[in-house]
Amino acid sequence: MTQKPELLVRPLHGEPFRFPVEKPVITIGRSKRNDLVLADQWLSRHHAEIRELDGDYAIHDLDSRNGTLVNGARINAQVPLQNGDIITLGDQSITFMQEDSRSVILSESLDDLDMEGTVVVPTEQLLAATRGQEETWDNLDSPGARPPATALQEDPARIVKQNQILTALSQASMALISDRPVTELMEFILELAFRVVKAERGFLMLTAGDGNGNAEGLEVKAVRSSSDEDLKAEGITFSRSIAEKVIAEKVSILTSNAMTDPRFRSQDSIVAVGIRSAMCVPLWNNKVVTGLIYVDSRIHDNVFNQDDLSLLASLANVAAVKLENAKLVEEMIEKKRIEHELEQARRIQKEALPGLAPDLQGWDIYGTNTPCYTVGGDYYDFVTRPSGSLAFALGDVSGKGIPAAMMMMVLRATVNSSTQQEDSVDSIIAHTNRVMFHNSPEQSYVTFFLGDLDPESGELRYVNAGHIPPILYRKASGTHDRLEAGGTVVGLFDGMVYEEGQARLDPGDILAVFTDGISEAWGEDDEEFGEDRMADLIKKHASLSAKELIDTIQQEVDQYTGGSRPSDDCTLVVVKRN
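Numbering (our numbering), first residue to last: 1 to 578.
Don't read these hints as lab results, they were simulated from the structure.
Keep in mind that a hint or two might mislead.
Once the Cα atoms are required to be at most 20 Å apart in a straight line, the calculated SDA-like pairs of lysine to any residue come out as [unchecked claim]: (1) Lys-23 - His-46; (2) Lys-23 - Asp-56; (3) Lys-336 - Glu-324; (4) Lys-287 - Val-318; (5) Lys-23 - Ala-58; (6) Lys-23 - Gln-82; (7) Lys-4 - Lys-23; (8) Lys-23 - Arg-51; (9) Lys-327 - Val-220.
Modelling step: build the complete structure from the supplied sequences, incorporating the hints.
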């Protein structure tokens, strides 16, 4: 019976997770009304659907804004899904996983292993014997029955057989040298197993456990048979208790005649196909067990023996090492790819942020941004408006990393456009809020401050949209004000109305706008740096230039936190009237 498929979802941040496809139609998007909800601003609210029809599955794009890709190709119509297909939606990668009709059924029975005709051998000793470190099979301790009396003998025929085993292992090792993707490698390992022991059916399973006895999460990665029709009709029934024993105890198991073995007789499917011989060995890389290989045969002239078990165990050992190395290589390649993309994103974001502020006579203006990751969600900008005034903005996007950085780019483009088209500061924020609401994931938002400065008069119109109130230091009185007028955060609610505030900067006055990466930096005494400490620093160093003041604040924060890595992006803009 074909199992229901699963979606292996690999989010940009966070751990991968599995989503079962249990309904005829599975909807995907960023709206909470979907079956599979993905928080990605590049997804439409209702982005795509996976549909079932008579046991087959297909994906359908719902006229999404940024499209749906299957195996790297954008789809324009409903596309059938096959096991292993990669679906890309925005920044999300989803693998469609479906066991085909050649199913492997894990049975809960077959517990007893202490019976005549069954060999249970510690794999480590088995490998040692194969390498010539043990003289005979009689030296191998078995937690089950002892091996039959046909132990290894030092005779010409035996030497020939041993040479054949070594030759087969050498050929297998050479074949495994070439680089292959992990998925392809697992199929190839099973193919090699069929070559060396002449099996009829078999499978390779990997475990999601820790390799120290945890057989939970066993997954079939490769299935093979000399007759696909047999697999489609019956599948392969296998004992979960045997799987757990092989993995937990690192043992290899051989049953020479399953037809006379009561444990196998209890399984109708095995008796029906007349399995005469079966073997199961661990995928052991000399450190941990990562899975197992099972093979069986119903041909009377092909009953597996101890040599076959040695050969299969040795092949599994070599294969397990190769699998581990292949996974490490793929992880390294993927890590380098991500690092390269992050570096490109960092450069793009850095180029998007302003360099020096516009040179205004009588004013000293400077800004800086330091993301806590390679890219971040803090934003600041300076924009000269058609009226000649200077708009300066600072925002803090909820979240961190790439998703926040993408929202920041949308925010920057919107603000740049709005400052050229809208007249008042409150209308600029209202327009920006509408755009962000309709183009960002649910529950995502931006705390935002926008000021519009008339350089001639020093008059400042502003809106504070849920941001930390900037500090306006008054040189004449030595006090400071907080700019609080505005409204709620940007992007969370549609149709918001904002209040415009007003202030004036006189000669010597300093305005500092900053994100909570600075004010909420934690010291070694588990206390925040704080806004009051920031205000005191501005007053104490009011004679410094804007850049020098920012450098001083950053040094003080770094000293306060003991030089620990910032837990949030740090952005600061200083506007000083000379």
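Lys-4 and Lys-23 were given as a pair; does the straight-line alpha-carbon distance stay at or below 20 Å? This hinted pair holds, its Cα atoms lying about 10 Å apart.
Next pair to validate is Lys-23 with Ala-58; report whether the Cα-Cα distance is within 20 Å. 13 Å, holds
Hint check: Lys-287 vs Val-318, CA-CA at most 20 Å. Holds or violated? 12 Å, holds
Measure nothing beyond the straight line between the CA atoms of Lys-23 and His-46; if it is 20 Å or shorter, mark the hint as holding. 17 Å, holds
Can the restraint linking Lys-336 and Glu-324 be considered satisfied, given a maximum Cα separation of 20 Å? 18 Å, holds
Does Asp-56 sit within 20 Å of Lys-23, going by the straight-line distance between their CA atoms? OK: Lys-23 and Asp-56 at ~13 Å, within 20 Å.
Would you mind confirming whether the straight-line C-alpha gap from Lys-23 to Arg-51 stays at or under 20 Å? Holds - the C-alpha atoms of Arg-51 and Lys-23 are around 8 Å apart, at most 20 Å.
Hinted pair, alpha-carbon criterion (20 Å max): Lys-327, Val-220. Please report holds or violated. 17 Å, holds
Holds or violated: Lys-23 and Gln-82, Cα atoms, limit 20 Å. Holds, because 17 Å separates the two Cα atoms, which is no more than 20 Å.
Hint compliance for this structure: no hint is broken.
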